[in-house]
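K.L.:
With the sequences and hints as input, model every part of the structure.
Number of protein chains: 6
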Amino acid sequence: MKLSFIKPVYAHCDLPCGVYDPVQARVEAQSVHEIMKKYAGLEHEEDRWRAVMIKEDRCELVKHHLWVLWTDYFKPEHLEKFPDLHDKVWKTTKQAGACKKTVDPAEGQKLLDMIDDIAAVFAETKKA
Amino acid sequence: MKLSFIKPVYAHCDLPCGVYDPVQARVEAQSVHEIMKKYAGLEHEEDRWRAVMIKEDRCELVKHHLWVLWTDYFKPEHLEKFPDLHDKVWKTTKQAGACKKTVDPAEGQKLLDMIDDIAAVFAETKKA
Amino acid sequence: MKLSFIKPVYAHCDLPCGVYDPVQARVEAQSVHEIMKKYAGLEHEEDRWRAVMIKEDRCELVKHHLWVLWTDYFKPEHLEKFPDLHDKVWKTTKQAGACKKTVDPAEGQKLLDMIDDIAAVFAETKKA
Amino acid sequence: MKLSFIKPVYAHCDLPCGVYDPVQARVEAQSVHEIMKKYAGLEHEEDRWRAVMIKEDRCELVKHHLWVLWTDYFKPEHLEKFPDLHDKVWKTTKQAGACKKTVDPAEGQKLLDMIDDIAAVFAETKKA
Amino acid sequence: MKLSFIKPVYAHCDLPCGVYDPVQARVEAQSVHEIMKKYAGLEHEEDRWRAVMIKEDRCELVKHHLWVLWTDYFKPEHLEKFPDLHDKVWKTTKQAGACKKTVDPAEGQKLLDMIDDIAAVFAETKKA
Amino acid sequence: MKLSFIKPVYAHCDLPCGVYDPVQARVEAQSVHEIMKKYAGLEHEEDRWRAVMIKEDRCELVKHHLWVLWTDYFKPEHLEKFPDLHDKVWKTTKQAGACKKTVDPAEGQKLLDMIDDIAAVFAETKKA
Numbered sequence: 001m002k003l004s005f006i007k008p009v010y011a012h013c014d015l016p017c018g019v020y021d022p023v024q025a026r027v028e029a030q031s032v033h034e035i036m037k038k039y040a041g042l043e044h045e046e047d048r049w050r051a052v053m054i055k056e057d058r059c060e061l062v063k064h065h066l067w068v069l070w071t072d073y074f075k076p077e078h079l080e081k082f083p084d085l086h087d088k089v090w091k092t093t094k095q096a097g098a099c100k101k102t103v104d105p106a107e108g109q110k111l112l113d114m115i116d117d118i119a120a121v122f123a124e125t126k127k128a
Numbered sequence: 001m002k003l004s005f006i007k008p009v010y011a012h013c014d015l016p017c018g019v020y021d022p023v024q025a026r027v028e029a030q031s032v033h034e035i036m037k038k039y040a041g042l043e044h045e046e047d048r049w050r051a052v053m054i055k056e057d058r059c060e061l062v063k064h065h066l067w068v069l070w071t072d073y074f075k076p077e078h079l080e081k082f083p084d085l086h087d088k089v090w091k092t093t094k095q096a097g098a099c100k101k102t103v104d105p106a107e108g109q110k111l112l113d114m115i116d117d118i119a120a121v122f123a124e125t126k127k128a
Numbered sequence: 001m002k003l004s005f006i007k008p009v010y011a012h013c014d015l016p017c018g019v020y021d022p023v024q025a026r027v028e029a030q031s032v033h034e035i036m037k038k039y040a041g042l043e044h045e046e047d048r049w050r051a052v053m054i055k056e057d058r059c060e061l062v063k064h065h066l067w068v069l070w071t072d073y074f075k076p077e078h079l080e081k082f083p084d085l086h087d088k089v090w091k092t093t094k095q096a097g098a099c100k101k102t103v104d105p106a107e108g109q110k111l112l113d114m115i116d117d118i119a120a121v122f123a124e125t126k127k128a
Numbered sequence: 001m002k003l004s005f006i007k008p009v010y011a012h013c014d015l016p017c018g019v020y021d022p023v024q025a026r027v028e029a030q031s032v033h034e035i036m037k038k039y040a041g042l043e044h045e046e047d048r049w050r051a052v053m054i055k056e057d058r059c060e061l062v063k064h065h066l067w068v069l070w071t072d073y074f075k076p077e078h079l080e081k082f083p084d085l086h087d088k089v090w091k092t093t094k095q096a097g098a099c100k101k102t103v104d105p106a107e108g109q110k111l112l113d114m115i116d117d118i119a120a121v122f123a124e125t126k127k128a
Numbered sequence: 001m002k003l004s005f006i007k008p009v010y011a012h013c014d015l016p017c018g019v020y021d022p023v024q025a026r027v028e029a030q031s032v033h034e035i036m037k038k039y040a041g042l043e044h045e046e047d048r049w050r051a052v053m054i055k056e057d058r059c060e061l062v063k064h065h066l067w068v069l070w071t072d073y074f075k076p077e078h079l080e081k082f083p084d085l086h087d088k089v090w091k092t093t094k095q096a097g098a099c100k101k102t103v104d105p106a107e108g109q110k111l112l113d114m115i116d117d118i119a120a121v122f123a124e125t126k127k128a
Numbered sequence: 001m002k003l004s005f006i007k008p009v010y011a012h013c014d015l016p017c018g019v020y021d022p023v024q025a026r027v028e029a030q031s032v033h034e035i036m037k038k039y040a041g042l043e044h045e046e047d048r049w050r051a052v053m054i055k056e057d058r059c060e061l062v063k064h065h066l067w068v069l070w071t072d073y074f075k076p077e078h079l080e081k082f083p084d085l086h087d088k089v090w091k092t093t094k095q096a097g098a099c100k101k102t103v104d105p106a107e108g109q110k111l112l113d114m115i116d117d118i119a120a121v122f123a124e125t126k127k128a
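Residue numbers (this note's numbering), protein chains in the order written: chain A, 1 to 128; chain B, 1 to 128; chain C, 1 to 128; chain D, 1 to 128; chain E, 1 to 128; chain F, 1 to 128.
If you're looking for bench data, these hints aren't it; they were derived computationally from the structure.
Mixed in with the good hints there might be a few duds.
It does not matter which identical chain is used: a pair holds within one copy or between any two.
[Said to hold, decoys possible] In silico DSS-like pairs for lysine-lysine, Cα to Cα no more than 25 Å straight-line:
id, residue 1, residue 2
1, K38, K81
2, K37, K126
3, K37, K127
4, K126, K91
5, K75, K91
6, K75, K37
7, K38, K75
8, K37, K81
9, K38, K126
10, K88, K38
11, K75, K127
12, K88, K75
13, K127, K38
14, K81, K91
15, K38, K110
16, K91, K37
P.N.:
Okay, here's the thing in structure tokens:
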């Protein structure tokens, strides 16, 4: 019986698949943004309750996809090249949390822009 | 108190966001395919157990994303235009189930091709 | 190492257990229906929020159980014998989605009737 | 604003739907039993891994459904009439846990029998 | 192939880790209590919806952690020494359900006290 | 209707409860460590499969609890005082991922030590 079956030194991912894509976080953030844009036009309170409830879940999924990208995809050499990467991801996940508490579409747009910024870093690392 | 707050006749989605993207199923299917391609090269049995376990979850996610697309996005007018849509989605979700039971990369590739086929229908409906 | 360990051609289920029962979807749909019947009598808004929230989850479970039945249990020979099966399941899952958006008990009853209709097909296939 | 919107004294359920059915636990336990019966005949190790993995999840679902029944459905007057109810549920959930650790079909059958015993108590309380 | 790979007689836990801690239930119950204390001061209805929604999830987690402790940690010899343990756990999980239906901080405090009471029994069993 | 119902500027948590505790990550990490210590002594392969499977889930929970702490609890002023906090959390979540791939108890101990290091920072911020 071997003790360490894959060398656990900054493994680039938890499973050996290597498939990551910031689009997963972006699709959920688009839902958040669309819900916000439609919120003001919802007449019935039951519709607004559902909008807030569904937005809550979508924001959580944005966070989850960004956390996975941060921990599982990004490696020490990426950090060296993009020293503000930690802070970018941190603030974007905080923005996803902030979007749970507001229905202002400007905040949803800000979340999308911040994800696009991380996606740009991701694209750079894929080129290398 | 109103009884029916959004008219429940073939509502095009469960929430009012309208954001759907077959890419969600595709990303998971890519993971499935990559795991299959690496499986034969995994030396330790613990690695193979984990591969089978993670593949199981990814296949389930493929199914889930396709089911949501089928029930929540596609509308009666799409069915009229693409009468084999039900069958396409059904067979693709069955293929996702089949990929749980094999590590043959050809089956993973087949799953990707079937998803691409649904994505092509999706793209057609978006143009309209 | 074998590549394909269970032949992945329209496998009748994902696991080798073969246990399926439309009652799983029905129990959840009964909850949806009961919540709708009690909704009008709920005095406090916190109770109505919870009712809408819990109904949302139960509707999602109805969909999930029907999707599993559709993909994992039903086989090509069932489709041949019941050519409208795809459409039945599709419309029933859409009705489960519609029930998220209404508190009209008539819509919940319609969902129960549609599930009973699928259960009747299921019972037929079990006889064969 | 009212503080307590439903009186929280041994509320008979968490939501006002009142729908409970031991069949939910039983369907999952049947899966467990079927997997056990087929286990000895599974030739490939990947199939056995999946069987153990799926059985694990099904056992957990049995526990969950029994816990919900115990906490949410059963009331103090049921306990008075069936003083060994706590012990019955406790031992049955323990048996569901035990079934994670074995592939002996006799243990799966024992789980089914214990659930049937709880279902009999449930049926008695429904008559009253 | 062996049929019973760990003897399934009141196994003290489902996995061989043996790690249990009532603090898991307590942390969630503290959240429930804090939400209740802040509820009266929430000005906007969207904040109150979210508070009720998040409280619902936290109460469910309290139940889950207590159920796991009850089924997986406690053994027959503990029951002999603490014959009211079943009833204590039952009433505490019922109180967690009751906290879903109220925003009265006194009910949240009662939940915390009941968890502390179980934690005291737990501590006793650890000493032995 | 107000657009922004809680000001979304680095909100200190997603819900207004304010309850965080690194003990949640630690309890799961202890499970991981205990499983690793017992792994070598597990005779039957079914037991080893279950150990790897359960360890996988526990590692994921460690990551989740640390991510929540990082995004929801820690604030810009904490970062100023502990400039290596991002890196600490990042490496600890990577170590939790690494523990999925090994059964070496030393790696589990390292995970516990890294969590204790974050808990020490957490304790410092609570004092302030």
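K.L.:
Against this structure, judge whether each hint is valid.
P.N.:
Quick rundown of the hints versus the structure:
no. : hint       : result
1   : K38 x K81  : neither (40 Å within a copy, 29 Å between copies)
2   : K37 x K126 : between (33 Å within a copy, 20 Å between copies)
3   : K37 x K127 : between (35 Å within a copy, 23 Å between copies)
4   : K126 x K91 : both (22 Å within a copy, 21 Å between copies)
5   : K75 x K91  : both (19 Å within a copy, 10 Å between copies)
6   : K75 x K37  : between (36 Å within a copy, 23 Å between copies)
7   : K38 x K75  : between (39 Å within a copy, 21 Å between copies)
8   : K37 x K81  : neither (37 Å within a copy, 31 Å between copies)
9   : K38 x K126 : between (36 Å within a copy, 20 Å between copies)
10  : K88 x K38  : neither (28 Å within a copy, 31 Å between copies)
11  : K75 x K127 : within (14 Å within a copy, 33 Å between copies)
12  : K88 x K75  : both (15 Å within a copy, 14 Å between copies)
13  : K127 x K38 : between (38 Å within a copy, 22 Å between copies)
14  : K81 x K91  : both (19 Å within a copy, 17 Å between copies)
15  : K38 x K110 : within (17 Å within a copy, 29 Å between copies)
16  : K91 x K37  : within (23 Å within a copy, 29 Å between copies)
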